[in-house]
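Chain A is already provided as a structure; the job is to place chain B on it using the hints.
Chains A and B are the protein sequences, given in the same order.
Heads up: the first sequence begins at 1 in the UniProt record's numbering, then just goes up one per residue.
Heads up: the second sequence begins at 1 in the UniProt record's numbering, then just goes up one per residue.
No lab work stands behind these hints: they were computed from the structure.
One thing to keep in mind: the hints can contain errors.
[Unchecked claim] Below, simulated DSS-like cross-link-like pairs (lysine-lysine); rule was C-alpha separation at most 27 Å, straight line:
#: 1; chain 1: B; residue 1: 128; chain 2: A; residue 2: 225
#: 2; chain 1: A; residue 1: 32; chain 2: B; residue 2: 129
#: 3; chain 1: A; residue 1: 359; chain 2: B; residue 2: 45
#: 4; chain 1: A; residue 1: 367; chain 2: B; residue 2: 128
So the chains spell out like this:
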Amino acid sequence: MNSIFSGTRLRDMIRSIRACKTAAEERGVVRKECADIRASINENDPHDRHRNLAKLMFIHMLGYPTHFGQMECLKLIASPGFPEKRIGYLGLMLLLDERQEVLMLVTNSLKQDLNHTNQYVVGLALCALGNICSAEMARDLAPEVERLIQFRDPNIRKKAALCSTRIVRKVPDLAENFVNAASSLLKEKHHGVLITGVQLCYELCTISDEALEFFRKKCTEGLIKTLRDITNSAYQPEYDVAGITDPFLHIRLLKLLRVLGHGDADASDLMTDILAQVATKTESNKNAGNAVLYECVETIMAIEDTSSLRVLAINILGRFLSNRDNNIRYVALNMLMKAIAFDDQAVQRHRVTILECVKDPDASIRKRALELVSLLVNENNVKQLTKELIDYLEISDEDFKEDLSAKICSIVEKFSPEKIWYIDQMLKVLSEAGKFVKDDVWHALIVVISNASELHGYTVRSLYKAVLTYSEQETLVRVAIWCIGEYGDLLVNNVGMLGIEDPITVTESDAVDVVEDAITRHNSDMTTKAMALVALLKLSSRFPSISERIKDIIVKQKGSLLLEMQQRAIEFNSIVDRHKNIRSSLVERMPVLDEATFNVRRSGSLPASVSTMAKPSVSIPNGVSAAPLVDLLDLGSDDILAAPSSSGTDYLQDLLSVDLGSSTAQSGATLGGTDQLLDILSIGTPSPAQNNTSSIDLLSTGGINNNPSTGLDTLSSPAPPHIATTTSAGGMFDLLDGLSPSPSKEATNGPAYPPIVAYESSTLKIEFTFSKPSGNPQETNVQATFINLSPNTFTDFIFQAAVPKFLQLHLDPASSNTLPASGNITQNLKVTNSQHGKKSLVMRMRIGYKLNGKDVLEEAQINNFPRGL
Amino acid sequence: MIHFVLLVSRQGKVRLTKWYSPYTQKERSKVIRELSGVILNRGPKLCNFVEWRGYKVVYKRYASLYFCMCIDQEDNELEVLEIIHHYVEILDRYFGSVCELDLIFNFHKAYYILDELLIAGELQESSKKTVARIISAQDQMVEAAKEEAGSISNIIAQATK
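If we strip away everything but chain A, and leave its shape as in the complex, we get (with noise of 0.2 Å):
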């Protein structure tokens, strides 16, 4: 008989979907499906609609789209058979959402239809605004909707209430006229009727204090007479559920009393009775009474103190937790969370039993007994808590353990009542669950063992035992080689032995076994082999002994393909061989780390200085960090100095470029910044060298150059961000020697342009020469000589240059760092101007040396260069 309509049946349809062997298969057969129907919508048949409509509800289920059936709904919704609209309904819930325009255009039907003559229509109109409709809807409807809930049938009347509390939930506004017609709902003895009528009471109470205010006055007794009917009424097989009535009903008035009973002494006593009842009697060996059980603990913990039902209350959570039903056991860890808020005492009680839960094998429960274990910890329990938690780390899952591990070191943190306990706990979270450690957590621990002088030598030798045992844990390994390479002559010779500690014998060799396994270990990653190379360069400096084994290692390193890495094997090669005088000082023990400004910086009070130095990490092209380089090279310079002319400078001079490009191109502005950099820099710390030393470790690692540095940062906050491009010229050239063949000597055209008196002081003239090389005007040679006025000899004699973007400088070395009595020394610079015949030079420059032991140094800007240059 259906043999007048094209296309096939719906249910032939879910067949041929069905029978789809893969996934292209369906998409085919829904592409046919849809093309068919659209088909038929343009035909505009009303005899096909309703048939369509099913289908495209089955097709939007399976995901695809269904937007062309939108305007059918409303064809269906608007024609007045029942089937029709029923299945109209139907498909304006599934396929619309309240937030699409067509929904407007169904708000004149569904007016009609609320005021349809049969009841059916009614409740297919009020069910579809309850669940799909917008604010502009609901004002449009409420009054309707009002009105239908004063309807003679019981099926309009509950499904008017719950229309209501979607509307009052849509329009706060709107509230208020629904109270009274809620009230009247309360007395209903259709059950449905009343769960509904309740449940929009208890909307309207969370919406409107006055509505609150009115039902508890007038419904508070009447609510509890309504909870003690059906609480004592006998057996309803309608309504009962495992030997209770109705637990549906149950839970709702118990809500309801929930609001109107807290923070109100007066209501809160007109319920205690019935709630003691509902607690005390109610079967707990099912569901349906656990659920009742559940919201009445949660109404009793609510309303004001009434202290035996407290107890009461407390006790149920007990039984709860020891239930075998891993939901009843969820649900309990759940209301102990709210329950330590008043009873604290009481839900330590069941300590042993909440940590059982953190050992459970579903996750869910885990996740909710370990937040509670966090708010049970306090200061007398935390060492327990903190051991049975770490014992369970060890066998944890692994998916678990992340999780578990961040929740360890947050107590830890909170609570630790003294350093080394904190020192050891931290290492076991490393040694276990090193690699979900966040990179805040042990950055904190670094910066708490920099500041626990006195166990230095404990912490280093208990982490070398650890990293033998627990190479494969990523932070573990970076805190350990971190710590070698600061204290590793602590390791060495057992020096600050506690009373605690077994000796054990290390040798130098030993200690750089262990960097030297983080460094060639395949899966280090980029931070973890930088800091090694670090820590490696220090201990040349602790082990002088083994310091050829060391520069092998890092002479390895030279071939590394990341940049980063090969670049810095270079220069602390050359630190290594060729500046002894120097390395001593340079790698000298960090200052220790401010404890307090790092955990302001780590709390995310200081966005602005984390950015100043994250900047130039970012800014460099081919992906490497450059902070770690430029920093290496500021051994205290001031501006934006120039390295010395080699081909190997390019790329130095590339970072200079990039990070100046993101300047004002004044070399005015950039000062401001730099000097800032240099004044934190000398801030609170002995002497200029160590300074430059924490530097190098602060930055050096990459990832982790935000953190310990904040001490530094935190005083530069207001710093321009065009810091950290300094790099120095003067003793530190020679790190950059290894790759200069020779110093490039170039033909000179004889001086063309008049000598200057560059500098003078009382102690110290500078003379600069100048000449021009063939064939380049932008070129300068520069012949700076530097002239000795004191009687005194000028030990480590260094003169650092910067100029404007506009300059390029080259430095050679100077011809001595060793400036005796009346005598001079020279040096090369070569400047291209980049804007030659617009500008003429100028330059900055400091010079910095030892007079009898003591620093001094000299600044000044060079203005008076000849023009035309």
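Frame of chain A, contents of chain B only:
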């Protein structure tokens, strides 16, 4: 309140979805994908609650079907389990020992029943008998319309049956 109801088969096929809070189509499919991944992978003895994006999802498995309801943090999980069971019992009574195939071929019936049980994400009726009575009254109206000779709905109701 219940934010959505989801019926998923053990193979991850969606059998019914009902949304009481606004979710765009994109969000809907994302939610379904995410949740079915989580829920289908949970072991048999574990609790029936999953914490998810600040909500709780209460689920229960009946034969090859997972019934899931998403509720707020402070809602009563145990009660929602009862609501799920309530729904299943009504389905069972309506279809006569319901199975997954009933819900596939008569998915619209499953929706009609759900609409008599929940509105605006709240429970509307605690009596299974009442729900059954209202549903059968409406089914009869459809039948009656079908009876009318030559009526269009006669054929359409057959087609959708």
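Comparing the hints with the structure gives:
no., hint, in the structure
1, B:128 / A:225, "holds (25 Å)"
2, A:32 / B:129, "violated (42 Å)"
3, A:359 / B:45, "holds (15 Å)"
4, A:367 / B:128, "violated (36 Å)"
In summary, the structure is inconsistent with hints 2, 4 from the numbered list given earlier, while agreeing with the others.
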